[in-house]
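Q: Assemble chain B onto chain A, guided by the hints.
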Amino acid sequence: MTEKTESLDREVAEAEVAAERPTSSSGQSEFASAKPESSASEKSDDIYALVALWRSAWWMRYVVRVASVLALIGLWHLASTNDFRLLLNFENVPEPRIVWGVLVELLSSDTFYRHIAASVERVAIAFGLATVSGVALGVFMGRFRLVEDIFSPYVEIFRPIPAVAWIPMAILMMPTEQSSIVFITFLGAFFPIVLNTMHGVEQTPKDLIRAARALGASSGSILIHVVLPAALPSIVAGMAIGMGIAWFSLLAGEIISGQYGIGYFTWSSYSLIQYPHIIVGMVTIGLLGTLSTLLVRYGTRPFLRWQR
Amino acid sequence: MRIGNLWASGEGISRKKPTSVSVGLRQAEKGRVRVSDVTIEFNTNGQRNRAVDGADLSINPGEFVCLLGPSGCGKSTLMNAIAGFVKPTSGRIEVDSRRVTGPGPERGMVFQQHSLFPWKTVKKNVAFGPRMAGHSPTECDSIARTFLGMVGLSDYAHHFPVQLSGGMQQRVGIARALANYPDVLLMDEPFGALDAQTRSMMQQNLMDLRTEFHTTIVFVTHDIEEAVFLADRIIVMSASPGRLIADIRVDIPHPRTHEVVTEPRFVELKKQCLDLIRAETTRAFQQQGQSV
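Those sequence lines, one after another, are chains A and B.
In terms of my numbering, the first sequence opens at residue 1 and continues consecutively.
In terms of my numbering, the second sequence opens at residue 1 and continues consecutively.
Since the hints were derived computationally from the structure, they do not count as laboratory data.
Note that the structure is a prediction, hence the values are computed from the model and not measured.
Do not take every clue at face value.
Listed below are several chain B residues computed to face chain A (Cβ distance under 7 Å; list not exhaustive) [as the list claims (entries may be wrong)]: (1) Phe85; (2) Pro103; (3) Pro105; (4) Met109; (5) Phe111; (6) Ser115; (7) Phe128; (8) Gly129; (9) Met132; (10) Ala133; (11) Gly134; (12) Tyr156; (13) Phe160.
For glycine and all other residues, C-beta sits at the position ideal for the given N, C-alpha and C.
With the rest of the complex left out, here is chain A (with noise of 0.2 Å):
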């Protein structure tokens, strides 16, 4: 049913201009007392067209997000231009155009590429990391109680302390600044998978389990026919979430040390007083961000193929 509201609310609206059009007299009539001016009556007429074609064309949707990210660029060109200080202080915002501008050079040179493949690169150890390890620990802490009993302190404590104020530790316990800024990416990625993982376990249904066991399974054949795949939606969920946390765990880290990475861009371009630059790396961090985590989504789905 659900799914196919998209297609039926087409059908509706398709009836509904249907229904407006003036050769339907019966249909009119209801519509002409509320309204008596014919010309009027049109004019409606029209807009439910378009309201019709707004709802039937999937594409529109996307048409009004890119109109809304137009339209911030606009305001944005307005503010800077314009010097507006209320609340906001865009006096030292560079312009839309500038910002542009110092994109297509950085594009056109080696060390901006660098620096996104750095922190690409530690984003990709460390939560390949996490995952592995993440998974493992949440599969036994589910399904183990002692396993449980032991680690959720750890994990109880440890999860709340943000990434910024792990960084002395990070460094003075690293060896190198590489191997302590991926430490603390691990981090930010590592607990959300690891409790996600967990409660997936925890949830799956007993009488799957139960199932299994009289079909003759072993409890090894049980944790990968039946508790894993039970709990990989929550996985997915929990890895899709660790990504985030490790994407601005990441720029933490690199904010503070690091001679490459797209955090260390970023607040150097705020010493050297290079303001544009600063948008431009903000900007990519949303993006690698986004495009992170819609991998994780979209990588995954082949895998939850089964579900409603």
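A: Relative to chain A, chain B alone:
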């Protein structure tokens, strides 16, 4: 849908697609269940609750036994004990002279909610038991095909369970349990969640399937008509504590069709069960009234 031939006969299927798996008649010497003086108690809120009280029951190979009783009478608990999910507080359960200590593939289970693995296709669900038993992938595949054919769902092999109707899901559940060639098939209100039409069709189909398999079947239900229609024997249970109070032999000849429900003998047996259960329910109600 092919209503007339929902569950195609296994013979027909194997003739069309010869497989190494034989689905023929099972020799009716395995599947003897012996329940001796079984009592099952649970701790609920610090109180000991007796769900089954001194149950004695002997089921012969190939027999179709219905456990009939009002809800909460412990019939599912007793079945779960035979399945090996619940450990009896005292007493002994044996299947073919081997004591039941846990679940095992020789006792197939069909649940009230289908409990298919939603992430596995219909065929993979049916192939799960054979796979766990260590059959090769090609063997698993042909076993699964055979049993899916038997429940008339060959065309749905690559569907996921969510894509099927309730009745179809339950048929897959039955095929999955049978694919392990169990000596005893335990069915816990398998048609309870289905609508009346589907349920009646499923009952008929189960009857047809029985002519193929002479597996012992223990079938839990609270539906008297269902019990009389399906069973060779009906064990009536009383509520709180759950006792076996009657052992009724259903002497209506096979094959039975749904027209049997109007026959005098059917009506008579139905009334007998109804009276027993009504007396029990009344007693249980009064007991509850006194304890409040």
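Q: Does each hint fit the structure? Answer for all of them.
A: Evaluation of the provided hints:
| no. | hint | verdict |
| --- | --- | --- |
| 1 | Phe85 | holds, 6 Å |
| 2 | Pro103 | holds, 4 Å |
| 3 | Pro105 | holds, 3 Å |
| 4 | Met109 | holds, 4 Å |
| 5 | Phe111 | holds, 6 Å |
| 6 | Ser115 | holds, 4 Å |
| 7 | Phe128 | holds, 5 Å |
| 8 | Gly129 | holds, 4 Å |
| 9 | Met132 | holds, 4 Å |
| 10 | Ala133 | holds, 6 Å |
| 11 | Gly134 | violated, 9 Å |
| 12 | Tyr156 | violated, 14 Å |
| 13 | Phe160 | holds, 5 Å |
Hint compliance for this structure: hints 11 and 12 are broken, all remaining hints hold.
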